[in-house]
Each structure stands twice: as C-alpha cells, then as structure tokens.
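**Q** Each chain, written out:
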Amino acid sequence: MKTRRITACAFALPLLAGAAHAQQTADADTRSAALLASNCANCHGTVGVVGQGAMPNLAGQQKIYIIEQMRAFRDGKRPATIMHQLAKGYTDQQIELIAEFFSRQKSTR
Amino acid sequence: MITRKITRRAALKTISAAAVASSVSACATMGQKSVGRVVVVGAGYGGATAAKYLRRWSDGAVEVTLVDPNEAFISCPISNLVLGGSKTLADITVSYAGLDKYGVKRVRDTVSAIDVDKKQVRLASGGTLPYDRLVVSPGVEFMYDRLQGWSAAGEASVLHAWKAGPQTVALRRQLTDMKNGGVVVMSIPLAPYRCPPGPYERACQISWYLKQSKPKSKLIVLDANPDYVSKKPLFSRVFGEDYKGIVEYRVSAPVNEIDIKSGTLVTEIGDRVRGDVVNYIPPQRAANVARDAGLITANNRWCDVNWTTMESIKVPNVHVLGDSTLSAPAMPKSGHMANQHGKAAAAAIVELLNGRTVVPPTMANTCYSFVDDRNAVHVGSVHRWVPEKKMLEPVAGAGGISSQDRASWALEGAYAQSWATTIWADMLG
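So the protein lines, in turn, are chains H and B.
Under this note's numbering, the residues of the first sequence are numbered 1 to 109, in order.
Under this note's numbering, the residues of the second sequence are numbered 110 to 538, in order.
Treat the hints as calculated values from the structure; they're not laboratory data.
Keep in mind the model is a prediction, meaning the values are calculated, not measured.
C-beta atoms are modelled at their ideal positions from N, C-alpha and C, and glycine is treated no differently.
Treat the hints with care, since some could be wrong.
Cut-off 30 Å, straight-line C-alpha distance, at most; resulting in silico cross-link-like pairs (BS3-like, lysine-lysine) [as the list claims (entries may be wrong)]:
(1) Lys77/H to Lys341/B
(2) Lys106/H to Lys88/H
(3) Lys499/B to Lys88/H
So the derived label-pair ranges between C-beta atoms look like this [to be verified]:
(4) Gln141/B to Ala28/H: 54 to 64 Å
(5) Gly506/B to Lys63/H: 47 to 57 Å
(6) Ser107/H to Asn408/B: 23 to 33 Å
(7) Lys63/H to Gln321/B: 43 to 53 Å
(8) Thr466/B to Thr91/H: 15 to 25 Å
(9) Pro79/H to Thr285/B: 36 to 46 Å
(10) Ala519/B to Lys63/H: 27 to 37 Å
(11) Ala28/H to Gly403/B: 48 to 58 Å
(12) Ser260/B to Thr91/H: 47 to 57 Å
(13) Ala199/B to Asp75/H: 37 to 47 Å
(14) Arg71/H to Pro239/B: 46 to 56 Å
(15) Asp75/H to Gln513/B: 18 to 28 Å
(16) Gly274/B to Ala28/H: 22 to 32 Å
Work the whole structure out from these sequences, hints included.
**A** Structure follows, in structure tokens:
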C-alpha cells in the first residue's frame, strides 16, 4: 500500500510542475502572484470563481482582457461602482501578475 | 482528425487532473514531510482564512490546528439585516466543515492560556497544543469598566449585539416586542472600534424596520464621535431623506453612565436619554486571550504587529490578525480586512517555515452597508507596503465611497450579497 502511494507521488511531480498548477510550484514569483491575487478573492472567489453571486468570474479570462479592463477602470474609461476606485491601487506590474494568475485558473469548479 | 486530436487532448487532461488529485491526497495521507506546526486561535474572518490558506499555500506541508469554541461561523457583516428583519440568523451562519477538505484540524474548545516560552496553547478541556508559529485572531473584548452604573445584571436587558449570535436575535426580539411609538436608543463608541460604518448601517436597519412596522417610533443615536466615522455623505443623506422624522442623530455625545432599570443612558454633558430598547455598543480592545499572552502593546488596548508578516512586535512566533491589531493608517477594523490579514500571515508563515524571504503584502478593503433591505453603499481602499516607513499605507487616489446615484445603490445591494457569500466561501469553502 505504502509503495503504491509513493509511486503515485513520484508520478505526479512532473505533472504538478505544469502550468495548470503553477501556483503550487515552488517559485517565488508565483507565490507572490498568488498572495497578490488573493486581494481579489474576497469578492471574486479563491480561484476567481464566484458561483451564484453577482460579481463576475475572473478564472480562465484571457490575461490581456483582465489587464485591459483593470487599466480601463483605472483610467476612468470603464464605469463601475467600485472597481474604478480599487484598480487605482495597483501598479502595471501588479496588474500583470494578477491577470496571469487568474488566466491560469480553471473557469469552473 | 481535428476532433480526434481534441478528444485525445481532453482525455489526457482528464487523466492528468485525476492523477494530480489522487497524488495530492496520497501525499497528504502519507504525511508529506511537515515543515512546521501552526495553531490558529479564533475561527472568524481572520483565523479561518489563515487556516485555509496555510494549508493551500504550503501544499499541505504546514500542519494547522484551528481552535474555536463555536459550533458554526456566524458573520458580523450582514448581521444588522437580522435586526432590520430582512435576514435571519440562519442566513449568516456557515458550517466550519468546509475546512476539513484542506486538512485543517478543527478543535472545538476555548483557549485557557498561551505559554509563549514553551510555545504551546492550553485548552479549557485540559489538553495542550504545541506550535512552531501561533496565529491569534480572537476579535474584541468589550470595555464596560468605564460605564458608571453598569453591572452584569444589565447584560439581560441592555444588549450590544456587536458580536453576531444570540444577542443579535435578542435585540431583534426587543425591537419586535416594542410598542408603536416606542423609543430606541443606541450609542456609538469613540473610534477605533470594530466595523467603522457598522453603527450607521445599524441605525438605517432599525429605522427601516420602524418605518415599515412602527412608524410612530423613534431612534436616537448618541455618537461619541464629533461626526460620522464612515461614509458621511451617504449616511447623512439617507438619515435625512429616507428616515426623516424617525432617526435623530446627535454627535459628540459620549455615554459614560447608565441606569439599567429605567433604560437611561447619560451623556458626558449630563443629557439623560431613556429608551424602550437600549443598544449600548461599548468601547473595545483586543480580546483577553491576546492580553493574557502579553500581545497588547498600544494604549492597553491593541496589538502592534509587523505588517509584512503580521507577527507581534513584542512576542516572537506569534502572529495577530483582525480587530485586535493596532490598525495601520486608515485601515478599518473589518471582516474583509481580517481576511486579508489572514492571507498575509499565511503567506509569511509558509515562507518563514521554509527559510525563505517574506514578500510584503498589498491589501484591499471593501465594506458594504445596507441602507434598507436591498440598497447598499460601499467604502473601499488599497493598502501598500511603504519600505521607508516600514508600514502599510493607503494608496493615495485609490479607494473611495459610493456615488450619490441611487440607481447604483440597488446594483451595489446585489454586489453586497455576493460579497458576503463569496468571502464566506473564500474562508470556509
């Protein structure tokens, strides 16, 4: 039994290193991005999936789309109730990290 | 041909996802090498979030035990709507069972003491829990000691309802039992206190209920502060337009005496205000478990922390979250903020236990307040690490409050509902 489990772990390691589980790999930038993106999780879900709520899902959105929307909020080009205010709190680099994180999440649970 | 390729790719995806899922659980069950033990005291917005994210971000390598006496989580945010009558306690109650799938070990108990030298937590039931790092997220303790005339006898009739639970239901019952034409008195303590916009939201909820069901009644708000603590342009408009003739708002009216028997609050300048229902919200400080562990460092009330790690400035290896902290500049004591504290602490602890460098966090806040049963307004902010000041500070120009466009308040009401269920899932789901 023990042998079988160890085999399973060894088998999984190369897979875990794949893009789908990038946030779980031991990479400092990825960990920083996960912490940063967790700013959004309160309203948009832990991995960007809201479920039944009114806020939009972020998981699986194209990276370029998230970046463009955040810039549009920040620059006042896209009206909003709150995002035009919060988007001003993040640098271009931070927005890119956040967009990268959510673009890699699965869009359904 | 294309179809076949896609099918094959999809099949491979499914196989690899299944392999990853099974291997993760197999690794967890065979006891992947632990990098350390963390005990979390308090399963509110801060503690429950820290527990979940410690397990997620360490891939199960940090052992997490979460201690809390409550059977289920009851949310303070949204609890004012129970007073207004548009929500029930069941609507704001969430099971802790969702944390089990992350491998959080839940202990339903009260912490009797924290031994910071031996690095262990003692439980009321008699057990002890050793830790490498401790997270303390205990909420607030009420300070009745400066209220003349107060005694434990008052607890039965003069409610705070500032911790959601039995008192929320009891205050709702006092309101429904009150006669049409009765007077409700509530008092707001000097800032800082838990949930800056909360008292004004409560005033709206009580007024909304009175307007619907007991229109001859009145709400008198005695605010110890010189002005609205939060969202002034919004709350002052709602008080004046929606609840004109019902709510009477008085500033600079700190209450320092009570006559429990007659239900009378006495302000600093000697005004005596009697209510059929008296909702006294006491001043607050960090909870006793934090005080007894020596974590309080500011004004005998709050726990100062290093904002990169949430670690106490005084007691090593102990991280303090939520309302108990000495707030960073312009940072509210809110559930949303405590959730952010929990993530910052979780990330820092994972780095520290792995001997790596901690990256300073950025944090965001959003507080929605319902002005009736369906319309809500917000205040938001973003807080960024300023290295030269070694402090989290609000980003200038970011954040703000709702517009005065009432049409958007209905949309924000839907967002506020969504906020609640999503943040509960973020911490417990």
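**Q** Could you run down the list of hints and mark each one as holding or not?
**A** Going through the hints against the structure:
1. Lys77/H to Lys341/B: 27 Å, holds
2. Lys106/H to Lys88/H: Given that 30 Å is the threshold and the Cα spacing comes to 27 Å, the pair holds.
3. Lys499/B to Lys88/H: 22 Å, holds
4. Gln141/B to Ala28/H: 54 to 64 Å: 20 Å, violated
5. Gly506/B to Lys63/H: 47 to 57 Å: 25 Å, violated
6. Ser107/H to Asn408/B: 23 to 33 Å: 48 Å, violated
7. Lys63/H to Gln321/B: 43 to 53 Å: 48 Å, holds
8. Thr466/B to Thr91/H: 15 to 25 Å: 20 Å, holds
9. Pro79/H to Thr285/B: 36 to 46 Å: Holds - the Cβ-Cβ distance for Pro79/H and Thr285/B, about 41 Å, lies within 36 to 46 Å.
10. Ala519/B to Lys63/H: 27 to 37 Å: 32 Å, holds
11. Ala28/H to Gly403/B: 48 to 58 Å: With a Cβ separation near 34 Å, Ala28/H and Gly403/B fall outside 48 to 58 Å, so the hint is violated.
12. Ser260/B to Thr91/H: 47 to 57 Å: 55 Å, holds
13. Ala199/B to Asp75/H: 37 to 47 Å: Holds, since Ala199/B and Asp75/H (Cβ atoms, about 43 Å apart) stay within the stated range.
14. Arg71/H to Pro239/B: 46 to 56 Å: 49 Å, holds
15. Asp75/H to Gln513/B: 18 to 28 Å: At roughly 22 Å between Cβ atoms, Gln513/B and Asp75/H fall inside 18 to 28 Å, so the hint holds.
16. Gly274/B to Ala28/H: 22 to 32 Å: Between Gly274/B and Ala28/H, where Cβ atoms are some 42 Å apart, the hint is violated.
Comparing the model with each earlier hint shows violations of hints 4, 5, 6, 11 and 16; every other hint is respected.
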